[in-house]
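Under the numbering used here, think of the first position of the sequence shown as 24, with each following residue one higher.
By construction, these hints were calculated from the structure, which means they are not laboratory data. Nothing here was measured: the structure is a model prediction, and the numbers come from that model.
In silico lysine-lysine, BS3-like type, Cα no more than 27 Å apart, as pairs: (1) K43 x K31; (2) K30 x K43; (3) K33 x K43.
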Amino acid sequence: MKASRFKKSKLVQVSQLFHKQLIQASSSVTLMLFNHTL
Numbered sequence: 024m025k026a027s028r029f030k031k032s033k034l035v036q037v038s039q040l041f042h043k044q045l046i047q048a049s050s051s052v053t054l055m056l057f058n059h060t061l
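Based on the sequences and whatever the hints tell you, model everything.
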């Protein structure tokens with residue numbers, strides 16, 4: 024029970040980190056495309 028909860032929290036932490044990196048990457052790509060079109 025406790026172990027599965029720990030695993031779940033770890034999974035959430037990893038997914039949040041991945042989401043943050045994804046947002047940063049997509050924003051930088053969008054910025055790059057925007058600068059390229061101008």
